[in-house]
Amino acid sequence: MIAVAAGPNRIDPYVIPALDGVAYGLLVFVAAAGLVFCFGVANILNLAHGMLYAIGGYTAAAVLDGSWASLALALGVGVLAAAAAGVLLAGLLTPVATGNHLTQALLTFGVALAGGSLLVAGFGPDDPQVLVPAALDGSVQVAGHRYAAYRLVFIVVATALAAGLYLTVRRTRAGMLVRAAVDDPEMVACLGVSPTRIRVGVLAAGGALAGAAGVLGAPIIGPGADTADTVLLLSLVVVVLGGLGSMVGTLLAALAIGEIQTLGVALLPSAAPFLLFAAMAAVLAVRARGLALRWAAT
Amino acid sequence: ADEPGTTGGGSIKIGLLASLSGTYQSVGKEIRDGFELYLDTHDGKLGGRQVDLVVADEGNGAATAVPAATKLLKQDRVAALTGIVGGGSVAGVYPLLQETKVPLVGSNGRPEIKDVSRVWHTSYLSDEPGAAIAQHVRDNVKGSVYAIGPDYQGGWDELRGFTEAFAKAGGTLANPDGKTTFTPFPATTNFTPYFARIKASGAQAVYTFYAGSAAVDFVKQYAQSEIKDIPLYAAGFLTEGGVLNAQGEAARDIFSVLNYSPDLDNAENRGFVAAWKAKHDGSPTTYALASYDAAAVLDRAIGAAGDDPTPEAINAQIGKLGQIASPRGAWQFSTVTHSPVQKWYLRQVRQDGRALSNTVVGDLATIGR
Amino acid sequence: MLYVERLCAGYAGGIVLHEVDLRVHPGSIQAVVGRNGAGKSTLVHTIAGLVRASSGRIEIGGVHVAGRQPHRVAQSGVGLVPQGRRVFSRLTVAEHLVLAASPWRAATPGGEGWTVPRILELLPRLAARLRHRGCELSGGEQQMLAIARALLGQPRVLLLDEPCEGLSPDLAARVRDLIGHLAASGLTVLLVEQQLRHAIEIADRVAVLEYGRVVYDRPTAEARSDPGSLEAIVSIAAPPPSPANRSTPRLWADTP
Amino acid sequence: MRDEVLRRVRAAVATLVLAGLLVAPWVVDDYTAAILARTLALGLVGVSVALLTGVAGMPTLGQTAPYAAGAYASAVLGSQVSDVGVVQVAVAALAGATLAAVTLPLVVPARGVIVLMITLAIGELVVTVLGRWRSVTGGTDGLAGIAGVRPFWGLPVLATDQARYLYTLVVVATLVGAVLLLLRTRAGVLLRAGRDDEMRLRASGHRVPLYLSGAHVAAGAIAGAAGSLLVVAQQYISPADFGFDTSALLLLGVVIGGTASVGGALVGAALVIAVRDWLFGVLPGHAPLVLGALFVATVYLLPTGVTRARRPRPVPAPRPPDVAPTRDRDATPELRV
Amino acid sequence: MNCLLSAEKISVRYGSLAALTDVDLCVHDGQRHALIGPNGAGKTTLLSVLGATTRPQRGTVRFVGRDVSRLGPAARARRGINRTHQRPAVFATLTAIENIEVAALPRTIRRRRWSPGGTRGAARRTAAELLDQLGLSDLATVPAGHLAHGQRRQLEIAMALAGRPRLLLLDEPAAGLSATEVGRLAELLAALPRQVAVLLVEHHLDLVYALCDTVTVLRDGRTVAAGTPDEIRTSPLVRRAYADGVS
Ligand SMILES: Nc1ncnc2c1ncn2[C@@H]1O[C@H](COP(=O)(O)OP(=O)(O)OP(=O)(O)O)[C@@H](O)[C@H]1O
Ligand SMILES: Nc1ncnc2c1ncn2[C@@H]1O[C@H](COP(=O)(O)OP(=O)(O)OP(=O)(O)O)[C@@H](O)[C@H]1O
Ligand SMILES: CC(C)C[C@H](N)C(=O)O
Ligand SMILES: [Mg+2]
Ligand SMILES: [Mg+2]
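Residue numbers (the working numbering), protein chains in the order written: chain A, 35 to 332; chain B, 17 to 385; chain C, 15 to 270; chain D, 66 to 402; chain E, 135 to 381.
Quick caveat, the hints were computed from the structure, so don't treat them as lab data. Here the structure is a predicted model, which is why all the values come from computation and not from measurement. Please note that a few of the clues may not be correct.
[As the list claims (entries may be wrong)] The calculated lysine to any residue pairs, modelled on SDA-like cross-linking and capped at a C-alpha distance of 25 Å, are:
1. B:Lys293 - A:Ala96
2. B:Lys244 - A:Gln163
3. B:Lys359 - B:Asn285
4. B:Lys158 - A:Arg180
5. B:Lys158 - B:Asn191
6. B:Lys244 - B:Phe201
7. B:Lys215 - A:Ala96
8. B:Lys195 - A:Pro303
9. B:Lys29 - B:Asp143
10. B:Lys244 - A:Ala313
11. B:Lys195 - D:Leu190
12. B:Lys184 - B:Thr353
13. B:Lys29 - D:Asp94
14. B:Lys117 - D:Val92
15. B:Lys215 - A:Leu267
16. B:Lys195 - B:Arg154
17. B:Lys117 - D:Val347
18. B:Lys295 - B:Gly345
19. B:Lys336 - B:Val357
20. B:Lys61 - B:Asp92
21. B:Lys130 - D:Val201
[What the hints assert, rightly or not] Per label pair, the in silico range of CB-to-CB distance:
22. C:Gly76 - A:Arg205: 45 to 55 Å
23. C:Gly81 - E:Pro327: 51 to 61 Å
24. A:Val121 - E:Leu151: 55 to 65 Å
25. C:Val77 - A:Thr206: 39 to 49 Å
The beta carbon of each residue, even a glycine, is placed where N, CA and C say it ideally should be.
Please build the complete structure, drawing on both the sequences and the hints.
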């Protein structure tokens, strides 16, 4: 075995996992983007993020018929539906103590539970079929290996999303308002901008991002009873690991998660169940320790 | 009328516990529908008594199953319990069965249990599908076989059944360390890194067991991966029921082993499938079938228990049933394991009209002690 | 321009302001003084809509605004320099200025509008700190930023809650001059100030708040002619320091 | 005054609940007694969550880890040492405290959401270990056939649901009482001070990491003890009892009960778990929907949920000017990033 | 050179900005030392370096003859350096008296190491006394988060005093206080026993000149002058420092 594995073959089996790590990491970034915005940037803990993603996913399953037009339609409908759900969520959040994460968690978790079971009731307990355009459905040759073509889509989508989000948050007035509202919503109000409107905007945008991710991600993390939980957990991990709101950090965190779940699994299959959480705890603890040291914690 | 299980006027209370929410909710719903189908086709009666069916939700596992079962057993005081998707849930409910002395006629998972005196299963033991197909795989695959499955009790049992029988038949596993590869469950949604390992192992075929969403992910990704041309053998759950729909083309040609297929040609099955199709879209699954059979078992046992169908009496009668006619073909309870001695079928996913379906392509072993 | 009539307001725990009356005319400065905890900030916050009035009227430019959301009040031309600065800690100075420069509001009545260059000319330290975030500024710099933020909104009514706190004496004097100029150009100014001397210097009227009530409200001309009486009123609520208070704190009594 | 009324109401409710709990075994059926016992155990974990989340300001999703450690320790080890409940509770508490102590280096430097995620990771890792360490834990199918316990030397083995419930009640009451007493000492004030402004507390010369470590280990011990109670109440444990669902529901229950209030946490966590268990029985298939709707509704009914500061009370008669205004303390503690 | 506290060659840089450059400072036992300068001069930064919340890139801090540069804020507080913050920092959900009690605990615990029950009582007595001295007794049971700005400032001063410091670092303690309260504060500071040294940052120059015996002037992170109040008051250098800070 060892003799066979020597030479170029030793790395060859890991080419595809490594590539897949990138693609999967970027998919995770796309899936998490809505939460990056809501929680990372605007500091609204939206535990219904996974459900918003699932709305996109179910829309894709319902609308897609294998044609390009249906993909465009699904994107439009999914984005609108999830954004509308985001607005609803904002409406529910308005009268309650804002800025208090635990109350937000209670409310959005409730919405996620209820919404999730409504989705399943509406679309049935089975995972629906998702038909992507034939051109994307096949596989391509990469470095002598066959690789699912659709996954490469995310390299483009994620780059565009990351750049777009960064520019919006850093460079536009809207982005500044959102960040300002995190610091002091009352003072934002004193500038003549309603913090409620900002919150609605944030959740609508977060919903739209999640909806788009749900449509695009449907062929990979497809809609189903567990989708919302899976996506929420991965997104939370990515957002927190990425340093809450830093776009570069989040992208790196997503890639790290991707590689851990692919290359890490390929290298250390027996440790697979521990990899994700052990790595997360270690990274967060090291970072927290770094912060604590900066505070001169002696 | 305070007697457990009976509610006056000759009716009887039966408790059905199944996952109506959570990961395996589609399985749970099949189980509920299968049982209800039997009641509907038998005037709502079991053993001549009007049935008061109390349904409770098992949720995702023992944590929710135990309190729900406690309610059925201690508050509703059902005469018998049926259903239960997860083996872990059965393990959790087991102490309650011992305490309340109510029999369980389970219709899906079964954990390792030492004393089965009150536990019956109309489904199968988790290691049986693998054991049933091992010889066939050995005979038809020239080379080693890669075994992979989900990392939980159900997965361990299913794969152990295969690997043990396969080794006994003289087959070799392609897995580098000779042991099955287990993937975190239900956390794994991306199987690509495992496919790379399978490719590198030089396996000539793959044997696996997944169910639910994991089955959809596995099959879809398999079809796009670099090992898509390696034959895939599986426990039948991989392509059973709703998941086949979601997998679509990706599932074509997969071989699987199961104790049932809707295209079995016998009178019971024709009636069962027709009755099912009258009420539901699509064909019945093995889950629904097992639950339907659980109702049949209870029907006969309650009937035989006479005027006073106490839980104890029902339990005693189940042990004396003998052959049970069923859509899967006749079967009977093993006296050792209290699970069916039954025939297993080899199926392949093939075109059936406009849709794909599991078509029986051969008989495999009859298993059970 | 800014009328406050029988205004009562407070927090969940109790009412703080009791039937406060004030009338501030366009182009004039109303100073409000009073001891710590008298309710000055509560008054300012209530006018800005940050604390809900439980009864009474607040009129700005003839419009009743009590009960309006703070952003509505701000849109009707009210600018606020809050106590404690409250700059946005994660936004840079430049971003503060972009945000505050209201794209939809016209220039201040009577004067040309406030622009970023004009602000930076007035407060040159900010120009050197454009890329610093709010939390990276010194206390005084934050105070400057808070003033800049309010001015860039082109307010017609300016609420200043101790705007000179933490400013160096020279800069404080310049800010006070500025306030005078602003009023002269037609702005309505409500100025909360701790230093009585300075309040009398620039304001047209001065009111004393004590336990949430207006106990004195006269033109400053009167106060200037008789500063003693005003000082007496301001400090009336202060019990004279008891002899115990003047002795060494007993904390150290037993230290060697 | 309103807060006075509130306090009275709270005291009355507490008395009623306590009285109800005491007479419960004689008036309710087996099912209710069994569920109550299980719920009390989870409520006790809720208390440990509140101790960390509300009092110490370290929001946790990982108290299921020491809870599981306690449960398995008492089922595997404790039952070999002795069948006396007190011994098993002690073993379980020790196990919980040990696990908490081992994870200190991960948890103590972190704050806010970071704690939440680190503890989540710890909880998941522990559950994974439990699921795979089959020789000891019975794997994902869990451990059944755990022998009954006798509460104290010389007492009979607990054989009925009522007896198990009473045993659980006594242990929970004792431990909650101990926590309440502890919080009345300066430990409680210091923890709350650290939650409000940690840097200020350091600037006054306090060793904050030490306090947080103490709180974390104590909370671990409490959760561990609760684990032993679960074993008694349920006679079966499996990793599913300690999964993410449980931690999430516990945290939400604690939020409902008012994060900083120990009694509230007990009631909140117990309520959430009880309602869930009950819903799975009576509304099969719709439990998540109803539970979700209930969460949403609770947010609106919570006394601290809606910003009360925006609604001052009606104007009272003018107060004599020399009386300083009185205020109540309804500040909602929150999670700071 | 028998300084109680000496800071040598302290430098703090934030990116390209030099907040402090080679600043030396010596505070003697019992000295009333003022630190003044225009906005952004680096006064608060220097206090945080002494209180260990900012780590200087360079320089050492000695206290009572020992190098404390590597000690954190808590350790320095236990050695007797207590401070207030420019923006009052209090425990919002604790009542005023609890705030002071908490601040008093480290020193009381030290003295009565083995009577944990007793320490809280002692701390509470200290707290009540201090509240009385600052005229805040009415507010004893009010949560600090509900206090007015000036009241918080006073409360924090009481907290710093409760730590029974040997060196008291005060960052603009008079800002936001009404004239009456400033008077009271002045009295309190004047009445501090001689073994307590005070380093006072203030823009309220009357207070500085009335209270302090030494004044150090900072500008742009450097010491530009140091001397007695009279010298500083008349120094053209100082006037220029301030004026430049403005324009
Ligand atoms: N958020 C709050 N909740 C409850 N009471 C409050 C709150 N804010 C202020 N108070 C109380 O209201 C009264 C008035 O406070 P306010 O802040 O208006 O005083 P102020 O005159 O501005 O004092 P200062 O000069 O110190 O700024 C005080 O007694 C204070 O304790
Ligand atoms: N965290 C930081 N990051 C970057 N720059 C900072 C930071 N903290 C302070 N500064 C800068 O360092 C300089 C000194 O600040 P410092 O707060 O010490 O001034 P100060 O003398 O206290 O002024 P003031 O009288 O206005 O309070 C200021 O120009 C400020 O902008
Ligand atoms: C749905 C089934 C395949 C489940 C499996 N028998 C188990 O034990 O959980
Ligand atoms: Mg004020
Ligand atoms: Mg300063």
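Hint by hint, here is what the structure shows:
1. Under the criterion of a C-alpha separation no larger than 25 Å, the hint pairing Lys293 (chain B) with Ala96 (chain A) is consistent with the structure, at around 23 Å.
2. The suggested pairing of Lys244 (chain B) with Gln163 (chain A) holds, with an alpha-carbon distance near 19 Å, which does not exceed 25 Å.
3. Proximity of Lys359 (chain B) to Asn285 (chain B) is assessed by CA-CA distance (about 15 Å); at most 25 Å being required, the pair is judged to hold.
4. For the hint pairing Lys158 (chain B) with Arg180 (chain A), the CA-to-CA distance comes to about 24 Å; that is within 25 Å, so the pair holds.
5. For the proposed pair Lys158 (chain B) and Asn191 (chain B), the alpha carbon gap of about 16 Å is at most 25 Å, so the pair holds.
6. For the hint linking Lys244 (chain B) to Phe201 (chain B), the alpha-carbon distance of about 23 Å falls within 25 Å, and the restraint holds.
7. Taken as a hint, the Lys215 (chain B) and Ala96 (chain A) pair is broken in the structure, with Cα atoms around 35 Å apart against an allowance of 25 Å.
8. With a C-alpha separation of about 12 Å, the suggested pair Lys195 (chain B) and Pro303 (chain A) falls inside the 25 Å cut-off, and the hint holds.
9. The hinted pair formed by Lys29 (chain B) and Asp143 (chain B) fails the criterion: a straight-line CA distance of about 32 Å is larger than 25 Å.
10. For the suggested pair Lys244 (chain B) and Ala313 (chain A), the alpha carbons sit about 32 Å apart, so the restraint of at most 25 Å is broken.
11. Taken as a hint, the Lys195 (chain B) and Leu190 (chain D) pair is honoured in the structure, with Cα atoms around 23 Å apart against an allowance of 25 Å.
12. Note on Lys184 (chain B) and Thr353 (chain B): the hinted pairing holds, with a Cα-Cα distance of about 22 Å set against a maximum of 25 Å.
13. Of the supplied pair hints, the one linking Lys29 (chain B) and Asp94 (chain D) holds, its CA atoms being roughly 18 Å apart against a limit of 25 Å.
14. Annotation: proposed proximity of Lys117 (chain B) to Val92 (chain D) holds, straight-line Cα distance about 24 Å (limit 25 Å).
15. Taken as a hint, the Lys215 (chain B) and Leu267 (chain A) pair is broken in the structure, with Cα atoms around 30 Å apart against an allowance of 25 Å.
16. Note on Lys195 (chain B) and Arg154 (chain B): the hinted pairing holds, with a Cα-Cα distance of about 17 Å set against a maximum of 25 Å.
17. Between Lys117 (chain B) and Val347 (chain D) the alpha-carbon distance is near 23 Å, which keeps this suggested pair within the 25 Å criterion.
18. As the CA atoms of Lys295 (chain B) and Gly345 (chain B) are separated by approximately 23 Å, the hinted pair is consistent with the 25 Å bound.
19. Proposed proximity of Lys336 (chain B) and Val357 (chain B) is supported: the alpha carbons are some 15 Å apart, at most 25 Å.
20. Proposed proximity of Lys61 (chain B) and Asp92 (chain B) is supported: the alpha carbons are some 18 Å apart, at most 25 Å.
21. Taking the CA atoms of Lys130 (chain B) and Val201 (chain D), the gap is near 17 Å; set against the 25 Å cutoff, the hint holds.
22. In this structure the supplied range 45 to 55 Å is violated for Gly76 (chain C) paired with Arg205 (chain A), their Cβ-Cβ distance being about 40 Å.
23. Between Gly81 (chain C) and Pro327 (chain E) the beta carbons are some 54 Å apart, a value that agrees with the proposed interval 51 to 61 Å.
24. For the pair Val121 (chain A) and Leu151 (chain E), the beta carbons lie near 43 Å from each other, so the given range of 55 to 65 Å is not met.
25. Evaluation of the 39 to 49 Å hint for Val77 (chain C) and Thr206 (chain A) yields a failure: the beta carbon distance comes to about 32 Å.
This entry does not satisfy hints 7, 9, 10, 15, 22, 24, 25, going by the numbered hints stated previously.
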